[in-house]
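Asks: This is what each chain is made of:
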Amino acid sequence: MSGPSTYVPQTGLTRWLDTRLPLVRFAHDTMLSFPTPRNLNFWYAFGAILTFCLGVQIVTGIVLAMHYTPSALVGSIPDSNLAFDSVESIMRDVNYGWLLRYVHANGASMFFLAVYIHMFRGLYYGSYKAPREVLWILGVIIYVLMVLTAFMGYSLVWGNMSFWAVTVITNLFSSLDQVIPHLGSAIATWLWGGFAVGDATLNRFFSLHYLMPFVIAGVVGLHIWALHVPGNNNPLGIDVKGPQDTVPFHPYYTVKDGFYVALFAILFAALVFYAPDLVGDPNNFIPANPVVTPADIVPEWYLRPFYAMLRSIPQQLAGVLVLAGALLTLVFIPWLDSSRVRSNRFRPVMKVFFWVFVADCILLGYCGSEGVDAAWHLGGIELSLVWVARIATAYYYIYFWVLMPLIGLIERPLPLPDSIAKSVLGASAAPAE
Amino acid sequence: MATTTTAEPTRRDFLYVATGAVAAVGAAAAAWPFIDQMNPSSAVLALASIEVDLTPIQVGQSVTFVFRGHPLFVRRRSPKEIEMARAVSVSDLPDPVARNDNLPADAPATDANREIKSEWYVSSGVCTHLGCTPTASTPQIPQGEFGGWLCHCHGSQYDTAGRIRKGPAPRNLQIPVYSFVSPTRIKVG
Numbered sequence: 001m002s003g004p005s006t007y008v009p010q011t012g013l014t015r016w017l018d019t020r021l022p023l024v025r026f027a028h029d030t031m032l033s034f035p036t037p038r039n040l041n042f043w044y045a046f047g048a049i050l051t052f053c054l055g056v057q058i059v060t061g062i063v064l065a066m067h068y069t070p071s072a073l074v075g076s077i078p079d080s081n082l083a084f085d086s087v088e089s090i091m092r093d094v095n096y097g098w099l100l101r102y103v104h105a106n107g108a109s110m111f112f113l114a115v116y117i118h119m120f121r122g123l124y125y126g127s128y129k130a131p132r133e134v135l136w137i138l139g140v141i142i143y144v145l146m147v148l149t150a151f152m153g154y155s156l157v158w159g160n161m162s163f164w165a166v167t168v169i170t171n172l173f174s175s176l177d178q179v180i181p182h183l184g185s186a187i188a189t190w191l192w193g194g195f196a197v198g199d200a201t202l203n204r205f206f207s208l209h210y211l212m213p214f215v216i217a218g219v220v221g222l223h224i225w226a227l228h229v230p231g232n233n234n235p236l237g238i239d240v241k242g243p244q245d246t247v248p249f250h251p252y253y254t255v256k257d258g259f260y261v262a263l264f265a266i267l268f269a270a271l272v273f274y275a276p277d278l279v280g281d282p283n284n285f286i287p288a289n290p291v292v293t294p295a296d297i298v299p300e301w302y303l304r305p306f307y308a309m310l311r312s313i314p315q316q317l318a319g320v321l322v323l324a325g326a327l328l329t330l331v332f333i334p335w336l337d338s339s340r341v342r343s344n345r346f347r348p349v350m351k352v353f354f355w356v357f358v359a360d361c362i363l364l365g366y367c368g369s370e371g372v373d374a375a376w377h378l379g380g381i382e383l384s385l386v387w388v389a390r391i392a393t394a395y396y397y398i399y400f401w402v403l404m405p406l407i408g409l410i411e412r413p414l415p416l417p418d419s420i421a422k423s424v425l426g427a428s429a430a431p432a433e
Numbered sequence: 001m002a003t004t005t006t007a008e009p010t011r012r013d014f015l016y017v018a019t020g021a022v023a024a025v026g027a028a029a030a031a032w033p034f035i036d037q038m039n040p041s042s043a044v045l046a047l048a049s050i051e052v053d054l055t056p057i058q059v060g061q062s063v064t065f066v067f068r069g070h071p072l073f074v075r076r077r078s079p080k081e082i083e084m085a086r087a088v089s090v091s092d093l094p095d096p097v098a099r100n101d102n103l104p105a106d107a108p109a110t111d112a113n114r115e116i117k118s119e120w121y122v123s124s125g126v127c128t129h130l131g132c133t134p135t136a137s138t139p140q141i142p143q144g145e146f147g148g149w150l151c152h153c154h155g156s157q158y159d160t161a162g163r164i165r166k167g168p169a170p171r172n173l174q175i176p177v178y179s180f181v182s183p184t185r186i187k188v189g
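For the protein sequence lines, the chains are A and B, in the order given.
If you read the first sequence in our numbering, its first letter stands for residue 1, the second for the next number, and so on.
If you read the second sequence in our numbering, its first letter stands for residue 1, the second for the next number, and so on.
Please note: incorrect hints may appear among the correct ones.
Facing chain A, from chain B, some residues (calculated, C-beta under 8 Å) [as the list claims (entries may be wrong)]:
id, residue
1, Met38
2, Val63
3, Thr64
4, Arg68
5, Gly69
6, Pro104
7, Ala107
8, Gly125
9, Leu130
10, Gly131
11, Cys132
12, Thr133
13, His152
14, Gly155
15, Pro170
For the record, the hints were derived by calculation from the structure and aren't laboratory data.
Beta carbons: idealized from backbone N, C-alpha and C, even for Gly.
Kindly produce the complete structure, drawing on both the sequences and the hints.
Replies: Below is the structure:
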């Protein structure tokens, strides 16, 4: 769908450059003239929104690193540490430090909000299906890199929840001791650079937290490249049949994406200015304490669904495998879905299970937020949340490994429209929108 | 250009494989310092043992010290707590091994194998599930059903001999090498 280049250099300089390094041609073909389906809706704006989020995180992060001290050594007051102190100094002393840090910290939440919508959108419209499998897998890789980056960034505050989050998550590796004795502990010690989470751990996490966004940016480049080979999927899930089905990316989608980025930025600003600690944990206002675990230890909201899965399994190694398997499953989706129709708009049965799946993920997130002993009381019956999480975890796996292959075979999809142009313009070819 | 195919390896094949092998070994040798720098440094490995004065600890009290960066539990058990720990049979335990560095690796997890002196319980304070620090029961505020410790992270429950009884943790709390240097003083490590 990329098609032949329509770029024509207009000046002597661009003609000279075009025969040596066709950089302007590349930018023109990918960002301006790129033919894009004319029916992309609001949910397709999240690619641009995510690019915006990555940019915000990199810019604020580089600036914060100028004021941050990655050290767990004792700080200015007893039981404090230099890392925690420097974060407090950013909040209180550095000019606009409070703004930069709140944008960066809440930016992670907004980034994950956007990426989850982007992923659910891809699932709903079947954007992972051929010929977009590589595009989807690159997206899964970006998501996993985001999780790692967010986790390491969260550790840098070196508050008490940060410290224990690092302890618990790095200890996941110790479950490998059950496969090969001492292997898991050796990996954990290697990750920590000591016998416990400490100064060495914090320093390496800082180094990697600085590196990872640039790795993400690189994979985003591949993701966009893989998008531009087959071109965008669209809400109808049918292929583009000719120029009548597309519009140039600029000005149509630069403006549409720009509008939604602005709306997203308003929501972002509302969080930063009116509720900057809404998603934070109060325990992170306490400096890291290696001998006192917070009473209720929870990860940030965006990792709670996976945390609920981990906690719902009573056997340690099995819990870790279920958690890892939930992420790995995403890679296989292009081959698990047996349907010949991409978009759930034309899949009356799968559509229902899709929305149940969305609710299931939210339910898992809720289970991961509650204490270990929490339970629901339904008319005298006590239902432990651990069991709710187990059922929800089972549905997560069943959705991908059973329903996706099965429903594609037995479901009768609704008739597909002949083309994007006909669907948008109608039989009478009325003006669009 | 025609290529000649012979069954016999040529001198060129040998040079090709040998060069590749040297490059692979060289790459591995160059990678090792980058991998090993992550491991604990000499300064960390040189962490000394600690001595704990037991005199301030009251009957029924559990105190947490820091040993090699990790919490260390020292508990002065009441006769009732000792009795509770002895009442359970090893075959009913999820982890039947003592996990005591002072004993052979296959010692059974009897109460006697979990302490040097039955009044003084000493172990790591690292939950064997994912490394949180469990909270100790007191007579006023019990933690879990077994009178010992409850890990709030994921609900693992330990008894008064630090043995896992319920929840996701796979092993009993690890007991480090320690000895009594005097009746009221222990050396750990």
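Asks: If a hint holds in the structure, say so; if it does not, say that too.
Replies: Verification of the hints:
With 8 Å as the threshold, the beta carbon of methionine 38(B) comes within range of chain A, its nearest partner Cβ sitting at about 5 Å, so the hint holds. Look at valine 63(B): its Cβ only gets to about 10 Å from chain A, farther than 8 Å, so that hint breaks. With a cut of 8 Å, the hint placing threonine 64(B) at the interface with chain A holds, because the nearest CB-to-CB distance is about 5 Å. For arginine 68(B), the suggested interface contact is upheld, since its CB lies about 5 Å from the closest CB of chain A, less than 8 Å.
For glycine 69(B), the suggested interface contact is upheld, since its CB lies about 3 Å from the closest CB of chain A, less than 8 Å. The closest approach between the C-beta of proline 104(B) and any C-beta of chain A is roughly 15 Å, which is over the 8 Å cut-off, so the hint fails. Nearest Cβ of chain A to the Cβ of alanine 107(B): about 17 Å, over the 8 Å cut. The hint is violated. Satisfaction of the interface hint for glycine 125(B) is found here, the shortest Cβ-Cβ separation to chain A being roughly 7 Å, below the 8 Å cut-off.
For leucine 130(B), the interface hint holds, the least distance from its beta-carbon to any beta-carbon of chain A being 4 Å, beneath 8 Å. With a cut of 8 Å, the hint placing glycine 131(B) at the interface with chain A holds, because the nearest CB-to-CB distance is about 4 Å. A least Cβ separation of about 4 Å between cysteine 132(B) and chain A falls short of the 8 Å threshold, and the interface hint therefore holds. Proximity of threonine 133(B) to chain A holds as hinted, the smallest CB-CB distance being about 4 Å (cut-off 8 Å).
Restraint check, histidine 152(B) versus chain A: the minimum CB separation of about 5 Å is within 8 Å; hint holds. At about 4 Å, the closest approach between the beta carbon of glycine 155(B) and any beta carbon in chain A falls short of 8 Å, and the interface hint on this residue holds. Given hint, proline 170(B) at the interface with chain A, holds; its Cβ is 5 Å from that chain's nearest Cβ, closer than 8 Å.
Violated hints for the displayed structure, listed by number in ascending order: 2, 6, 7.
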